[in-house]
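A.B. asks: If you want the building blocks of each chain, they are given just below.
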Amino acid sequence: MPSVTAETTRLVLPSRIESVEQAAAVAEKMAERSGLNPEATYHVDMALREALGNAVTHGNKKDENKTVTVVITSSPGTLEIEVSDQGTGFDPATVPDPTVGENILKPSGRGIFFMRTFMDEVSWSNTADGGTTVRLVKHS
Amino acid sequence: MAELNMKERQAGDVTVLDMDGKITIGEGSVALRSAIKRLLDEGKKKVLLNLSGVGYIDSSGIGELVSSYTTIQVKGGGQLKLLNLTQKLQDLLTITKLLTVFDVYESEADALNGFQ
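Heads up: the sequence lines are chains A and B, in that order. Throughout the first sequence, residue numbering follows my numbering, covering 1 to 140 in sequence. Throughout the second sequence, residue numbering follows my numbering, covering 1001 to 1116 in sequence.
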């Protein structure tokens, strides 16, 4: 009988761009342990970096008194990531489609589009203290 | 080592930037933005970005390419072209519908001939 079970890692990171690299390195190893292939692992990496970049920049507005919490759960065939900020909340419906009309030439606004493109499941919820959690799921 | 290294060379009146590394949120994106600003300040308005060494780019990096394009070509009266996209970058430009916005080349000679 296989003995592999779920493995969870919780990271509490400062609101700095450098935190992105730290979490991405952990997620890459856990994606491999979940059995995700290199392409799926690349997609996870892309989506996680976007989620963390948003949490640091837009959620916590680079306030180093605030943290970003990343919870990564690896199980056979599935990787699940939750990224939570301490911002004031976020409604993804307010973000326009970056592939339409004049939005194509905007310098920003593609992060959520990348998350939705590269992951199998993406959802947002509010944290107990008013921040935002984005949940990303990738299956092998 | 810097996240993004750039080597600059002239091919006639075209400035070629050979880029190596990552164009991502933070250092890489800032490096590209600074380079484009400096070139425009120096009056160099024909720019070819050789992206063969750029193995990783995120939405911030894509945004910086768009900013480079609008700064040089839309506002600056110059021309920006892209050379040697990696497959990953080409895929990202395809899904963001930017592949039709940029002039993209696989041959440097063709790219240089494309400048007016």
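Keep in mind that the hints are not guaranteed to be accurate.
Said to hold, decoys possible - Below 27 Å or equal to it, Euclidean Cα-Cα: the simulated DSSO-like pairs (lysine-lysine) are:
(1) LYS106(A) with LYS1045(B)
(2) LYS29(A) with LYS1045(B)
(3) LYS1037(B) with LYS61(A)
(4) LYS1046(B) with LYS106(A)
As the list claims (entries may be wrong) - Selected chain A positions facing chain B (Cβ under 8 Å, derived; list incomplete):
(5) PRO14
(6) ILE17
(7) GLY101
(8) GLU102
(9) LEU105
(10) PHE114
(11) ARG116
(12) THR117
(13) VAL122
If you're looking for bench data, these hints aren't it; they were derived computationally from the structure. Since the model is a prediction, treat every value here as computed from it, not as a measurement. C-beta atoms are modelled at their ideal positions from N, C-alpha and C, and glycine is treated no differently.
A.B. asks: Any CB of chain B closer than 8 Å to the CB of ARG116(A)?
C.D. replies: 11 Å, violated
A.B. asks: Against chain B, is THR117(A) within 8 Å by beta-carbon distance?
C.D. replies: Because about 6 Å separates THR117(A) from the closest Cβ in chain B, which is inside the 8 Å limit, the hint holds.
A.B. asks: Taking the least C-beta to C-beta distance, is PHE114(A) closer than 8 Å to chain B?
C.D. replies: 5 Å, holds
A.B. asks: Min Cβ distance, ILE17(A) to chain B: is it shorter than 8 Å?
C.D. replies: 4 Å, holds
A.B. asks: For LYS106(A) and LYS1045(B), compute the direct alpha-carbon distance and say whether it is at most 27 Å.
C.D. replies: 21 Å, holds
A.B. asks: Mind checking the alpha carbons of LYS1037(B) and LYS61(A) for me, to see if they're no more than 27 Å apart?
C.D. replies: 25 Å, holds
A.B. asks: Classify the hint on LEU105(A) as holds or violated, based on whether any CB of chain B lies nearer than 8 Å to its CB.
C.D. replies: 6 Å, holds
A.B. asks: Would the stated hint for PRO14(A) survive a check requiring a Cβ distance to chain B of less than 8 Å?
C.D. replies: Given a least distance of 14 Å, the restraint on PRO14(A) is violated.
A.B. asks: Take the C-alpha atoms of LYS1046(B) and LYS106(A), compute the straight-line distance between them, and say whether it is at most 27 Å.
C.D. replies: 22 Å, holds
A.B. asks: Hint validation: VAL122(A) versus chain B, beta carbon distance must be below 8 Å. Holds or violated?
C.D. replies: 14 Å, violated
A.B. asks: Minimum Cβ distance from GLY101(A) to chain B below 8 Å?
C.D. replies: Nearest chain B Cβ about 10 Å off; hint violated.
A.B. asks: At a threshold of 8 Å, is the proposed contact between GLU102(A) and chain B supported by beta-carbon distances?
C.D. replies: 12 Å, violated
Of the numbered hints listed earlier, those contradicted by the structure are 2, 5, 7, 8, 11, 13.
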